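Colleague: Below are the chains, spelled out letter by letter.
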Amino acid sequence: MLLQALGKIAQTLVVLFIVSVASFGLLKLAPGDPIQIMLGSEFSQESYDSLTAELGLDRPFLVQYGDWALRFVSGDWGTSYVARTDIFTYAFKEALPVTLTLASFSLAFAILIGVPLGVLSAVKKDTAFDAGAAVLALTGTAFPSFLLGILLIWFFAVKLGLFPVMGYVSPWQDFWTGIYHIILPGLTLSTYFIAMITRLTRATLIEVMEQPYIAAARARGEPAWRVIWVHGVRNIAMPLVTILGLQLGTLLQGTVLTETVFNLPGIGQMLTSAVLGREYMVVQAGVMMTATLFIGVNLLVDLSYPVLDPRLRARK
Amino acid sequence: MTDMIPSPILTLTDLTVFRGAAKILDKVNLSLAEGETLALVGESGAGKSTIATAVMRLLDGAKVDGKAELEGAGDLLALSEKQMVTLRGRRLSMIFQDAGAALNPAYTVGRQLITVLRRNLGLSKTEARARAVELFTSVGINDPEGRLSAYPHQLSGGMQQRVMVAIALACNPDLLLADEPTSALDVTIQAQIVRLILSQTRARGASCIFVLHDLALASQACDRIVVLYAGQVVEAGPARDILEHHRHPYTQQLKSCVLEIGTRELTAPEGTVPPHDRMPAGCRFATRCPRALPRCAGEAPPLIPARDGAESPLAHHFACWNPE
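Chains as they are written, first to last, in my numbering: chain A, 1 to 316; chain B, 1001 to 1324.
To be clear, the hints were calculated from the coordinates, so they are not data collected in a lab. Note that the coordinates shown come from a computational prediction; the quantities given were computed from them, not determined experimentally. The beta carbon of each residue, even a glycine, is placed where N, CA and C say it ideally should be. Honestly, I wouldn't trust all of these hints.
Label pairs and their computed distance ranges (CB to CB) [claimed, not checked]:
hint	chain 1	residue 1	chain 2	residue 2	range
1	B	D1277	A	G249	47 to 53 angstroms
2	B	E1145	A	L246	40 to 46 angstroms
3	A	G132	B	D1060	21 to 27 angstroms
4	A	V135	B	D1277	33 to 39 angstroms
5	A	P310	B	E1311	51 to 57 angstroms
6	A	S104	B	T1013	57 to 63 angstroms
7	B	R1111	A	V21	46 to 52 angstroms
8	B	E1071	A	L246	52 to 58 angstroms
9	A	G132	B	V1187	50 to 56 angstroms
10	A	G25	B	H1153	43 to 49 angstroms
11	A	V135	B	R1111	35 to 41 angstroms
12	B	D1060	A	V158	45 to 51 angstroms
Only pairs whose alpha carbons sit at most 27 angstroms apart, straight line, appear in this in silico DSS-like list of lysine-lysine [to be verified]:
hint	chain 1	residue 1	chain 2	residue 2
13	B	K1082	B	K1125
14	A	K124	B	K1063
15	B	K1063	B	K1023
16	B	K1067	B	K1023
17	A	K125	B	K1063
18	B	K1082	B	K1067
19	B	K1027	B	K1063
20	A	K124	B	K1082
21	B	K1027	B	K1067
22	B	K1023	A	K124
23	A	K28	A	K93
24	B	K1027	B	K1255
25	B	K1082	A	K125
26	B	K1063	B	K1082
27	B	K1023	A	K125
Input sequences plus hints: build the corresponding full structure.
Modeller: Below you can see the structure in the form of structure tokens.
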């Protein structure tokens, strides 16, 4: 089992390497010359060349990559040309926690609302409740989240004054104020996932409930709630975790829009302004962080399989 | 002679099951004496498993008519689901066809057994564990302590079925329903498991309904046999009578298809059971029956005693216009 895990981790490192080369290379090929942007509209060829040399942009690609990768790993992510701040502090210490908070709250909302809704739909299969939940789920998937965000702000924040219009307070510093600020953006980002989890839970649970072990659990006198939650839901954990891991990319993409609508200083906002300003060091930092996050979570998903399904544990 | 019949533990009266428009069980009457072992025999689709599942009230999406009276509990079909939950596992329990599929793959077999003991009998954790070890020992599981922490997939088919037997008998039920408990097992293990179920139920004084498709096995293992065809009882009675003095041509076919294996000539009953929506108005077996008379196609034969005056529901009965 340890060997399996080590193999998975090695695989992850290879993927991470490929992603880093790609993100480094793609930005090199992107149009727009950062030196020109830094120097403004009027500059001499000499100052252009000296800045190129200073930034090491005249060296071969692989050398530049190696140099960048080494510095990246050691936490030296360079300085933002525009903001003149340390990118590591800006991206890793300030923006990343905001996005992580937003994403984890959305995920928590999605699971806490989506799973029970899906279980109820499966148990009350083909009733009015099931039909209602299906309509709601379809609306949730089809409705653009930024529009929903604006509607939520308009209704709950502007009309009713229940929630703040925008802004971010870290729940790790001031828990309740943080929650208060994260509810609307969290809900906005999670609608799609609530809908997806509801439908996935419903479909997989209906299948599981037809398995003989469910009938057997009922036959030995286990009450309905135990049959559903202990014997049924336990067996949909694996497909659920798999899909959630794969959909994490969509969730991270969603943070870009949500952070913009709610003016949250996360990676999404950081990436948007960095792309517009052609600050490719910042873009690289953002891409590497999101990619690492995505790959890391999927590694966790892989490693969780033997925990979730005993049949996948290697024989002793 | 009627006064000699021990009090029945289970009495089915006109048990009828519809799945959609199809009538998959048609007015089945049978009673089971206390401590008796009864075999339900017939081809696939005859309604054997349906009877067992209907008694457990685990038939989802089917309409069930008639009565199924359990001694001391009344008509099971009229009870609420809540009342059924208190009976299942405690007074009624069931062993399933494929133990590998009937054990939850996510939990250890010990946990599944201990849960039953704790929930149904209110035992403490340590008491339940000790009892679980005893039960595992009694069903012939080696290293019972160690096996408790095994997951279902780590056990062989035979071991899995032994675990199922232990779970089913954990609370000393009055009635055990065994739904083809050996059909997923190797032939060599089949006899062991049947013997195990019988010895364990007899030791506990429990009654047992065995769903089987093998008439020879049924006649060896059980006190009484009920032969079903297309959702109806065609012949019922003490095992010896059914095997040696059967009157219904279908029973004869079931018997010969077993006996002729020895002569290397396997003759399955010819033809197939008519589909539910095209059941003949008369005897349902008429389409395949070598002894069919013109009368058989139009008029359904009633279940009548094989010997005049032997009207006890436990005595030999058959439903045929032209018996052997």
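Colleague: Starting from K1082 (chain B), check that the Cα of K1125 (chain B) is at most 27 angstroms away, please.
Modeller: At roughly 25 angstroms apart (the allowed maximum being 27 angstroms), K1125 (chain B) and K1082 (chain B) satisfy the hint.
Colleague: Within a Cα-Cα threshold of 27 angstroms, do K124 (chain A) and K1063 (chain B) meet the stated pairing?
Modeller: holds (18 angstroms)
Colleague: So the hint says 33 to 39 angstroms: do the beta-carbon atoms of V135 (chain A) and D1277 (chain B) match that?
Modeller: holds (36 angstroms)
Colleague: If I claimed the Cβ atoms of G25 (chain A) and H1153 (chain B) lie 43 to 49 angstroms apart, would that claim hold in this structure?
Modeller: Given a distance of about 46 angstroms, which is inside 43 to 49 angstroms, the answer is holds.
Colleague: Hint check: K1082 (chain B) vs K125 (chain A), CA-CA at most 27 angstroms. Holds or violated?
Modeller: holds (20 angstroms)
Colleague: Just to be careful, I want the Cα atoms of K124 (chain A) and K1082 (chain B) compared with a cutoff of 27 angstroms; is the pair within it?
Modeller: holds (18 angstroms)
Colleague: Can you let me know if the beta-carbon spacing of R1111 (chain B) and V21 (chain A) is within 46 to 52 angstroms?
Modeller: holds (48 angstroms)
Colleague: Regarding the pair K1027 (chain B) and K1255 (chain B), is the alpha-carbon distance no greater than 27 angstroms?
Modeller: OK: K1027 (chain B) and K1255 (chain B) at ~25 angstroms, within 27 angstroms.
Colleague: For V135 (chain A) and R1111 (chain B), compare the CB-CB distance with the range 35 to 41 angstroms and indicate the outcome.
Modeller: Since the Cβ atoms of V135 (chain A) and R1111 (chain B) sit about 39 angstroms apart, the hinted range of 35 to 41 angstroms holds.
Colleague: CB of E1145 (chain B) to CB of L246 (chain A), is that within 40 to 46 angstroms?
Modeller: With a Cβ separation near 41 angstroms, E1145 (chain B) and L246 (chain A) satisfy 40 to 46 angstroms, so the hint holds.
Colleague: Starting from K1027 (chain B), check that the Cα of K1063 (chain B) is at most 27 angstroms away, please.
Modeller: holds (13 angstroms)
Colleague: Between P310 (chain A) and E1311 (chain B), does the C-beta distance stay in 51 to 57 angstroms?
Modeller: At roughly 55 angstroms between Cβ atoms, E1311 (chain B) and P310 (chain A) fall inside 51 to 57 angstroms, so the hint holds.
The structure is consistent with each of the numbered hints, conforming to all of them.
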